[in-house]
Amino acid sequence: MSDRRLSRRALLGAAATVPAAAGLHSLVSGSGLGADSALADPRSNGGGHSGHDDFAHASFAGRTVDHRANGFHPTELLRDFDYGTTRRLASGRLLREWTIVAQDKEIEVAPGVKYEAWTYNGRVPGPTLRASEGERLRIRFVNSSEHPHTMHFHGIHPALMDGMPGIGERQGAGQIEPGKSFSYEFDAEPFGLHLYHCHVAPLAAHIARGLYGAFIVDPKRGRPEADEMVIVMNGFDTNFDLSNEVYAANTVGFHYVNEPIKVRRDELVRIYLVNVLEYDPLNSFHIHANFFQHYPTGTSLEPSEYTDTIVQGQGQRSILELKFPFDGDYMFHAHVSEFAELGWTGFFRVGDPSLLSGAAATAAYCKLPWGGNGGRA
Amino acid sequence: MEATAHAERASGGLPAWALGLIPLALIAAVVSVFALLGGPGLDDRTGPPVEELSVEQTVLHPGTIELTLRNDGPDPVEVAQVAVNDAFAPFSASGGREIGRLGSTTLRVSYPWIEGEAYEVRVLTSSGGTVDAEIPVATETPAADLDFYGLMALLGIYVGVIPVGLGMLWLPFVRRVGAGWIVALMAFTVGLLAFLAIDAGLEGLEIAADAPAAFGGATLVFTGALVAYLLLAAVDVHLRRRSDAAGSSSGLYLALLVALGIGLHNLGEGLAIGSAYATGALALGAFLVVGFAIHNTTEGLAIVAPLRGGGGVSARPGLGLLLGLGVLAGAPAVLGAWIGAAAFDPSLAALLFGVGVGAIARVIVQIAPSMRDRDGRFLHPVSVAGMIAGIAALYVTGLLVAV
Chain A
1 MSDRRLSRRA LLGAAATVPA AAGLHSLVSG SGLGADSALA DPRSNGGGHS
51 GHDDFAHASF AGRTVDHRAN GFHPTELLRD FDYGTTRRLA SGRLLREWTI
101 VAQDKEIEVA PGVKYEAWTY NGRVPGPTLR ASEGERLRIR FVNSSEHPHT
151 MHFHGIHPAL MDGMPGIGER QGAGQIEPGK SFSYEFDAEP FGLHLYHCHV
201 APLAAHIARG LYGAFIVDPK RGRPEADEMV IVMNGFDTNF DLSNEVYAAN
251 TVGFHYVNEP IKVRRDELVR IYLVNVLEYD PLNSFHIHAN FFQHYPTGTS
301 LEPSEYTDTI VQGQGQRSIL ELKFPFDGDY MFHAHVSEFA ELGWTGFFRV
351 GDPSLLSGAA ATAAYCKLPW GGNGGRA
Chain B
378 MEATAHAERA SGGLPAWALG LIPLALIAAV VSVFALLGGP GLDDRTGPPV
428 EELSVEQTVL HPGTIELTLR NDGPDPVEVA QVAVNDAFAP FSASGGREIG
478 RLGSTTLRVS YPWIEGEAYE VRVLTSSGGT VDAEIPVATE TPAADLDFYG
528 LMALLGIYVG VIPVGLGMLW LPFVRRVGAG WIVALMAFTV GLLAFLAIDA
578 GLEGLEIAAD APAAFGGATL VFTGALVAYL LLAAVDVHLR RRSDAAGSSS
628 GLYLALLVAL GIGLHNLGEG LAIGSAYATG ALALGAFLVV GFAIHNTTEG
678 LAIVAPLRGG GGVSARPGLG LLLGLGVLAG APAVLGAWIG AAAFDPSLAA
728 LLFGVGVGAI ARVIVQIAPS MRDRDGRFLH PVSVAGMIAG IAALYVTGLL
778 VAV
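Just so you know, the protein sequences line up as chains A and B, in that order. Under the numbering used here, think of the first position of the first sequence as 1, with each following residue one higher. Under the numbering used here, think of the first position of the second sequence as 378, with each following residue one higher.
Treat each hint with caution, since some may be false.
[Unchecked claim] 20 Å max Cα-Cα, derived SDA-like pairs, lysine to any residue:
| hint | chain 1 | residue 1 | chain 2 | residue 2 |
| --- | --- | --- | --- | --- |
| 1 | A | K114 | B | A591 |
| 2 | A | K114 | B | L543 |
| 3 | A | K114 | B | D452 |
| 4 | A | K114 | B | G473 |
| 5 | A | K114 | B | E455 |
| 6 | A | K114 | B | L546 |
| 7 | A | K114 | B | P426 |
The set of hints was computed from the structure by calculation and includes no laboratory data.
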């Protein structure tokens, strides 16, 4: 009790910061006068904290985001690998080409929350560029944004191709001004999971706005057959206070709660996991009821660890391989619980959901009480 | 007559009321044309929309947190999501999610809050802006039933009516002491009232800081003070004109004014106590009630001080009259507690605190002449000592309340 300090001044301060009405609202809802009929319809989730209705876990209120307006869909970009176009060079080597356009675009990162993003090809994350070790790569970058940008690839290449402002400006490289373009050309090496992002200052702001994507270089021998997917862990500082309001896997918070990622039982699943989160030094990935083989940066064909949780700093990435031995819904999320409850949470759905007891559990677990479609794929 | 005729001639013979109306009609016409043309020459705006929301009420029930938000910015605001302590939570909005200018809505957020913990409720708007509401100590908001209003009434009586009544028991003492004491007592009352005025003014400004700026904020405190002062002055002139026929203004009249001023002050005090109790910020310990009681007892002394009588028309006010004075000064605490607990509104509270300040200021002006010494000076050793004693009395007893 001694820590409950009370002074006349503090008392009035408290009254001012948390002015309360004892009864005003309870009178309204009690008499059914609330304009929103849902108000008078408090449902019970039949479990968890007694007396604490409707909060099984963190979730958004209301509808999902408008994927059509966004121009991309997190479920689709999960397995969307962009191999570009190829042709043989005189030397016999394969040349792989892409055109990437930087565009300013408003996207919805949580239901009802709009964000003025800067994008590669109108989507966040940008396209997952995929090549094989040793190929020649040419990426034509067109800046249609109102701001200067670059494409800075992680990999091994000459300075001129590094997408760094101030380097190679005379040759047309370096910072690419609005309306200008440049072709980055280099060899695909080393094999592994990499990333690309804008490197124009202020760096954190340019990356946080959405200018990033995964860059996969497959080993010459390839990897074992698997159900492959890309998860880019990101976040959005919607009020520009240098901390994120919404966290996500592939941009839209809680998307894979509303639409669990469907996988088959006993099939090898390979996750290309990239952390591009700004303003928070660490991000993490945790899978429920399972373990995965961890290939840091994907530069070795031998896993380094068998685990269920990994931590990544900014720009770190890993390839994860696992099989689901049981049908059901399995959560995955940042084990930084704060991020998980601010959007970075999803589910894998193994097998036919109609046959699962787990599906019902998910429906109860992910219920969005007022108009949400949680738990329904 | 001649001047009027001259004026009419100069303006083409129009009557005065028409001259008064013509500018109004012209203003209306210009505004209409301007609005119809969509503000010619003006861009929509130079920047993104300005979003300003203020949290007017926070109500806690098991499993839910209710926030009443008011939009006091120039543009409509749409509430998109709500996070409690860094976790998004489902909610519904009884007034809709889109809040127009000066409009309000109540969000009902589902969240398993725990008694005694602190929470930060973050409202995320459609543009990604945020508005934070602090809940320093979570506790269930009392239901507004008869028991609750009874408790608030009891609280108001404890801290308002009873202490003032007890303080008035000094009346026999005031009557018995020598005539020289009257000046000291009146100075004591002035000092005490001055302290209350400063206290109420600061409290009002503090509350106004959290009130929606669109409704005036701190301006409300000053407006309330000015209006209350002017109204009391007008009432005073009116009463004086009537009492001039009966005789000079009496001690009872001064006592009535003091009681009124203190009553308006106690209204604000009750408001603060009631809202603090409703939010759980106030533990109703016996110590606190005793502190308030001792503190407010001095107010009773201030009321009876003028009853010493100088030009004595009313020799001895009856018991009923004394009770009436006590109720006038103390009972508003009950009313304040009810308002504060049931429908606390920072703008209203700021205005009421301002009213208290203005009323007290007027009462001080009213009492001041009785502090004069034989040479007609206000400031002399006895009056200065009395005022300091009054200030000191409230300051020291105020410490009892600051636990």
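Evaluation of the provided hints:
Of the pairs offered as hints, the one joining K114/A and A591/B is violated, with about 26 Å between alpha carbons and a cut-off of 20 Å exceeded. Only pairs whose Cα atoms come within 20 Å are accepted, and K114/A paired with L543/B is rejected, the gap being roughly 62 Å. Taking the CA atoms of K114/A and D452/B, the gap is about 16 Å. The hint holds against a cut of 20 Å. Using a Cα cut-off of 20 Å, the hinted pair K114/A and G473/B holds, with the two alpha carbons roughly 19 Å apart.
The straight-line distance between the Cα atoms of K114/A and E455/B is roughly 11 Å, inside the 20 Å bound, and the hint therefore holds. Under the criterion of a C-alpha separation no larger than 20 Å, the hint pairing K114/A with L546/B is inconsistent with the structure, at around 67 Å. Taking the CA atoms of K114/A and P426/B, the gap is near 13 Å; set against the 20 Å cutoff, the hint holds.
This entry does not satisfy hints 1, 2, 6, going by the numbered hints stated previously.
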